[in-house]
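J.: Going down the list, the sequences are from chains F and E.
In case it helps, the working numbering puts the first sequence at residues 8 to 192.
In case it helps, the working numbering puts the second sequence at residues -15 to 375.
Quick caveat, the hints were computed from the structure, so don't treat them as lab data.
You may find that some hints are simply not true.
[Claimed, not checked] Sample of chain F residues facing chain E (criterion: CB under 7 Å; computed from the structure):
| # | residue |
| --- | --- |
| 1 | CYS66 |
| 2 | PRO105 |
| 3 | LEU153 |
Just so it is clear, CB atoms sit at the ideal spot from N, CA and C, and this is done for glycine as well.
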Amino acid sequence: MKGRGAAHGGRRTTMRQRFLILSLVILPALAVLGLARAAPMAGALPVIPATQGHYLMGCGGCHGIQGRSGREVVPDLAGQVGYFLCTPEGRDYLVRLPNVAFANLSSEDLARMMNFVVFTFGGASVPANSRPYTTAEIAALRANPLRVADLHGYREQIVRAVTHACPAAAGLHGYDVAQAAREGQ
Amino acid sequence: MVGWNMKTTCCAAMAAMLAVPAGSALAASPVLQAEQSDVATLPPVGAHWVLPATDRESYTIYDADAGRILGTVPASILGNIALSPDRRTFYVADTIWSRVDHGTRQDLIQEYDAHTLALRREITLPPRALAVYKGQDFDVSPDGKWAYVFDMSPATSVTIVDLAKGAVAHTVDIPGCALVFPWKQGGFSSLCGDGSLTNVGYAGDKPTVTHSAQFFDANNDPIFEQGLVDHATGQALFISYTGKVYNVTLGQRPDIAAPWSIQAAAGQPVAGTGVQEQAWRPGGKQPFAWNRASGHLFVLMHVGPHWTHKTDGTEVWELDPTHHTLLRRIDLPQPARGIAVSGDAAPLLYATSQDGIMTVLDARTGAVRRTVEAHAESMIVAPDLMPGHNG
C-alpha cells in the first residue's frame, strides 16, 4: 500500500482531518462524563466505545452529546430518562419512539445503546432493581413503533402514570407544557 | 402603488426604461411629463410561466416564451410557494425574525393575489420545519381548501390550515415521518424512516391515520425527499437513490406498485449500492419533474457511485413511467442542480445551475431556447395547472 501515489495519500489526509474534527467536538464532553478510555498507545487519541459512538451519530444531534438538549424543544435524557422505567408502558415507550425503533442498528446494538442511554445518562433517575433491556425485548418493541397522531398527548399520559408511581419524575412534564404552548393548543 | 412590493415596483420601472428605443435619446430635447403611477395587473397564469427562487429573497415570475420578468413574490431562503388550484392566489409559507437574524420568530402563510401580487392576508402558524427550498415542505390540497405545512420542532408534525377561514385547523403528529404529498382528495401522505408511508385522512374533524407496509429500504437505498405528485389524480412517483421508481396512488390505503429501474429502462444494468460502483444515477437538489400532458418523468442524471444523490446532473432523461421506457436523453449545456417542466403538450424544460443561470430548453428536442442570468437558487417552480381552472 505504501507509495501508491498522490490520490491515495490525499484521501488519507482527509480521513484523518475528519477524525480530528470529530474528536475535537466530542472528546471534551466524553472526558467530562468520564467516558474517555485510556489511550491504547502513548500519545494516541482516546477511543470512543462503539455504543457511545452509535449514540453520538444517531441521537446526539438532537439530544446533545451528554444527553442534555434544549429541554423545552427536546426532552433531556440526562438525570431523568430513567424515570420512565417506573411503569411498564414507560419502559416500552422509550423503545417504541420512531427515532429509537427506526435506528439503523441491529436489535443487539440498540439494546446496548438504550441501556447506555437509560442507565448511564439516567443515573439516579433509574428506579432500584431495574432490569436492562434484552435484545429480544428491543426486537419485539421496535416491531411495534408508535403510530399516534398525537404523540405529545401520548407522552403526557405516560408521564402522568410515571409521576404517579415515582413522584420525583414530575419534571418530565416540562416538555409537554412547552410543546403545547408552541402549537397554541 | 398600493399592494406592490418594492422589488416589483423597481423592476417594473426598470423594464419601462429599457423599453425606450435607444435612438430616441438623440431626438429633440423631450418635454418632461409628470409621472403617472398606476397598478399593473398580470394576465392569468400561463402554461409557460416559471418561478425560480431568486437571490434568497423572492420567487421571480418569468414568462419563459417572452423571456421576460412579470413580477416577483417575496419569500426568504426558507420560504415555499404554492399556487392555488383556481390559479388566483400564490401562497408563501415563510419564517421571519423580528430583527432579521434574531428576535421574535414568526411563522406564517402569506397570501398574494395572483393578478396584482397584492398581499391579501397573513395566517399565523406554529413553528414550521426550516429547510432551504424544498417544495415537499408545503402544499395546498387539490380542492384548494387546506394548506399542509410540514413542521419539525424537531418532533415532526403537519399543520393543516383552513384556507377559507385563514386559520390553523389541526396539527397532526407524524412520528418518524416527514414531508407532505397531497392526495387527490381528503388528506396527505408522508415518508417514514422505516420505509413506509403514513397516510393522514382529514376532512375537518378528527384525522384518520394509517400506515402502508414497508416498501423501500430507508437505510441502504432511501427515497429522495423530492418525490412528485400529480394533484389532479393523486398519483405519486417516489424515486430511490439508486434510481428505482415507485408508482404510488396516494390515499388512506395507498396502492404501491413494484418498483422499476431508470437504468434498466435505458437498457443499462440496474444501479446498485456499491460505494465504488459507477453508474448513471439521479441526483441534485431538485432532480425530478413531471409533464402533465404526456405523463412523462424527467430526471436529472449524473455518473457516480452510490451516495452521490446531491451531485449536479449533466443530462436529463425523459422516461415513460407507465411503460418503464426511456424516451430521450437531453445533454445539458452545463451541469444543473434543479429542473422543472411545464405541464402542457409543448413542454419547456427549465434547468438551474450553480452560477444562478436558468436554461430554458424545448423538452421535445432538447434544443436550448434561452439562457437567463436569473440569480436562480436550486428550487424552481413550474406551476401545476390543473385542468378545469383558468384563473
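J.: Decide, hint by hint, whether the structure agrees.
T.: Hints, one by one, checked against the model:
no., hint, verdict
1, CYS66, "violated, 11 Å"
2, PRO105, "holds, 2 Å"
3, LEU153, "holds, 5 Å"
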